[in-house]
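Protein sequences, first through last, are from chains A and B. Going by our numbering, the first residue of the first sequence is number 1, and it counts up by one from there. Going by our numbering, the first residue of the second sequence is number 1, and it counts up by one from there.
Wrong hints could be hidden among the right ones.
[Unchecked claim] Partial list, derived from the structure: chain B residues whose beta carbon lies under 8 Å from chain A: (1) 4; (2) 10; (3) 23; (4) 24; (5) 27; (6) 37; (7) 41; (8) 42; (9) 43; (10) 45; (11) 46; (12) 49; (13) 53; (14) 71.
[As the list claims (entries may be wrong)] The calculated lysine to aspartate or glutamate pairs, modelled on EDC-like cross-linking and capped at a C-alpha distance of 20 Å, are: (15) 300/A / 265/A; (16) 94/A / 33/B; (17) 94/A / 46/B; (18) 100/A / 48/B; (19) 94/A / 48/B; (20) 94/A / 30/B; (21) 302/A / 264/A; (22) 36/A / 85/A; (23) 100/A / 33/B.
[Unchecked claim] Some chain A residues close to chain B (C-beta under 7 Å, calculated; not the full set): (24) 81; (25) 85; (26) 91; (27) 92; (28) 101.
These aren't lab readings, by the way, just hints derived from the structure by calculation. Where is the CB? At the ideal position from N, CA and C, for every residue including glycine.
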Amino acid sequence: MNKPKIPIKDGNVALLVGTRKGGFMLRSSHSREKWKLEGPFMLGAIVHNIILDPRDGRTLLMAASTGHLGPTIFRSSDQGGTWTEAARPPAFPKADSEEKGEAVSHTFSLWPGHVDEPGVFYAGTAPVGLFRSEDGGETWDGVAGFNENPMRRTWIGPAEFAPPGGGGLHSLQIDPRDPAHMYIGCSMGGVFESLDQGRSWQPLNKGCEADFLPDPEADFGHDPHTLRIHPLYPDVLYQQNHCGIYRMDREDGYWVRIGSNMPEDVGDIGFPIVLDPRDPQRVWVFPMDGTEIWPRTSPKGKPAVYVSTNGGKNWVSLHKGLPARHGYFTVKRHAMNADRQAPLGIYFGTSGGQVWGSVDEGNRWRKLVDYLPEIYSIVPVVFAA
Amino acid sequence: MNVMIPSQLRSYTHASRVECSGATLGAVLDELDRRYPGLRFRIIDEQDRIRQHIHIFINKEMTLGLHQPVTDADEIRIIGALSGG
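Only chain A is shown next, with the shape it has when bound in the complex:
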């Protein structure tokens, strides 16, 4: 497959870091060798996600709540210097009966809309819900085609069966060729596809295992942990699932468990999955111990990133610089991502508050910062000049 070029953005990479106790920013030198920590933003707030609008390179959105207070969205247009609260954050409609009404626990993920839709953002929430803003994140409305879909509760399961944290809509991927073509990943629920900008949805889970469901061929009820489509080849989909690592070529409509090619003593359970924006065959994962009672830490205490350069046929450990033993990392689903520089920089944050980075595509890792709160998300960005 030819490799079209993705332009390298002028400017220095910054990492937007969401943690259990606030937001932070790591700014790099041009070479990405030196990193400087800024923040915290909203110290004490639970920050699930911070994103930069890639269309203007200036607008930051931050999803925050606290142990006491309800969830909201903050916006900044001065690189985190000041933050303004959204006038109407994501919220479900008021129900007729108080008992039946759902309430957003927290916004789990934030996503910029299509490049041709400036000012549009999406938010995925817990409980599983999808919200859209058309005014740069100031006001949010539910995507009725999903939130009020009569099948939604069947797809995502009863509220009392939700996983710890309440379940969430963690992934939204928009086809760069068509803003109406969208995919979402819900934990629980599975992967769903819309061809009409969210007005209707269909499950897209064939081939994906669900060893916790009575029907192994179920159309929905699955547990994707992270879903990604390739930005240059949007018909190539990957997901790190509760039940392994999968790839789909959309025309096949069938998930193939490429994680079965991982070393047997490591397994293919994990939370994040990272795609090379220039090469649809290259993908990185961070395996965790998914045996017995699911410690969710690095297998055998040996943290390692695994890369495949051939679409998942083979996997190679990338662990230089990481602890050789006694490293019990957990990396959450939004806490590992790549920049778009060359060579590609890859970064992950741990539940122990460390940020690790590699500026040579995973070959050598370096700890960039220590002692942060539990890290929920890492988003590499380049601000507009």
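Given the coordinates of chain A, work out where chain B should sit on it, guided by the hints.
Positioned in the frame of chain A, the structure of chain B alone reads:
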């Protein structure tokens, strides 16, 4: 009436107590939200339920609902209850 504001909400009010009025607790919170936009949603969810880790006392009695009548002689105390580490 006096409304006691917990530390978690003082980024909105910049004060530990504010004067407010209304015939019910809900009306008081609506008025507070008009003066301090966003405050209400942080403590009351979209189904008009008081959020799990927020307690609201009217004088010395904890209330569970927004319909409770209040008078100017009452004191409303919003508390950020314990919510883990």
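Evaluated hints:
About 15 Å separates the beta-carbon of residue 4/B from the nearest beta-carbon of chain A, more than 8 Å, and the hint is not met. Interface hint status for residue 10/B: violated, as the beta-carbon distance to the closest one in chain A is roughly 12 Å, over 8 Å. This hint is violated: residue 23/B has a C-beta 21 Å from the nearest C-beta of chain A, more than the 8 Å allowed. With a least beta-carbon distance of about 16 Å to chain A, the hint placing residue 24/B at the interface is violated under the 8 Å criterion.
Interface restraint check: residue 27/B against chain A, minimum CB-CB distance 17 Å, threshold 8 Å, status violated. For residue 37/B, the suggested interface contact is upheld, since its CB lies about 7 Å from the closest CB of chain A, less than 8 Å. Against a cut-off of 8 Å between C-beta atoms, the interface hint on residue 41/B holds, since the closest Cβ of chain A lies about 6 Å away. This hint holds: residue 42/B has a C-beta 4 Å from the nearest C-beta of chain A, less than the 8 Å allowed.
For the restraint placing residue 43/B at the interface with chain A, the shortest Cβ-Cβ distance is roughly 7 Å, inside the 8 Å limit, so the hint holds. The restraint placing residue 45/B at the interface with chain A holds, with a minimum CB-CB distance near 4 Å, inside the 8 Å limit. A distance limit of 8 Å between C-beta atoms decides the matter here; for residue 46/B the minimum to chain A is near 4 Å, and the interface restraint holds. Checking residue 49/B against chain A: minimum C-beta separation of about 6 Å stays under 8 Å; hint holds.
Taking 8 Å as the C-beta cut-off, the interface hint given for residue 53/B holds, the closest approach to chain A being about 5 Å. Because the beta carbon of residue 71/B sits about 25 Å from the nearest beta carbon in chain A, more than 8 Å, this interface hint is broken. As the CA atoms of residue 300/A and residue 265/A are separated by approximately 9 Å, the hinted pair is consistent with the 20 Å bound. Note on residue 94/A and residue 33/B: the hinted pairing holds, with a Cα-Cα distance of about 18 Å set against a maximum of 20 Å.
Distance hint between residue 94/A and residue 46/B is fulfilled; the C-alpha atoms sit about 6 Å from each other, no more than 20 Å. A hinted pair counts as satisfied when its Cα atoms are at most 20 Å apart, and residue 100/A with residue 48/B qualifies at roughly 12 Å. Restraint check for residue 94/A and residue 48/B: the C-alpha separation of about 8 Å stays at or below 20 Å, so the hint holds. A C-alpha spacing of about 16 Å is found between residue 94/A and residue 30/B, which places the hinted pair at or below 20 Å, so the restraint holds.
Straight-line distance between C-alpha atoms of residue 302/A and residue 264/A comes to about 15 Å, which keeps the hinted pair within the 20 Å bound. Taking the CA atoms of residue 36/A and residue 85/A, the gap is about 26 Å. The hint is violated against a cut of 20 Å. Between residue 100/A and residue 33/B, the direct Cα distance comes to roughly 25 Å. Violation of the 20 Å bound is thereby established for this hinted pair. With a cut of 7 Å, the hint placing residue 81/A at the interface with chain B is violated, because the nearest CB-to-CB distance is about 16 Å.
Checking residue 85/A against chain B: minimum C-beta separation of about 5 Å stays under 7 Å; hint holds. The beta carbon of residue 91/A comes within 4 Å of a beta carbon in chain B, closer than 7 Å, and the hint placing it at the interface holds. Because the beta carbon of residue 92/A sits about 5 Å from the nearest beta carbon in chain B, less than 7 Å, this interface hint is met. The criterion of a C-beta within 7 Å of any C-beta in chain B is met by residue 101/A, whose closest approach is roughly 3 Å, and the hint holds.
Consistency note: the structure conflicts with the earlier hints numbered 1, 2, 3, 4, 5, 14, 22, 23, 24.
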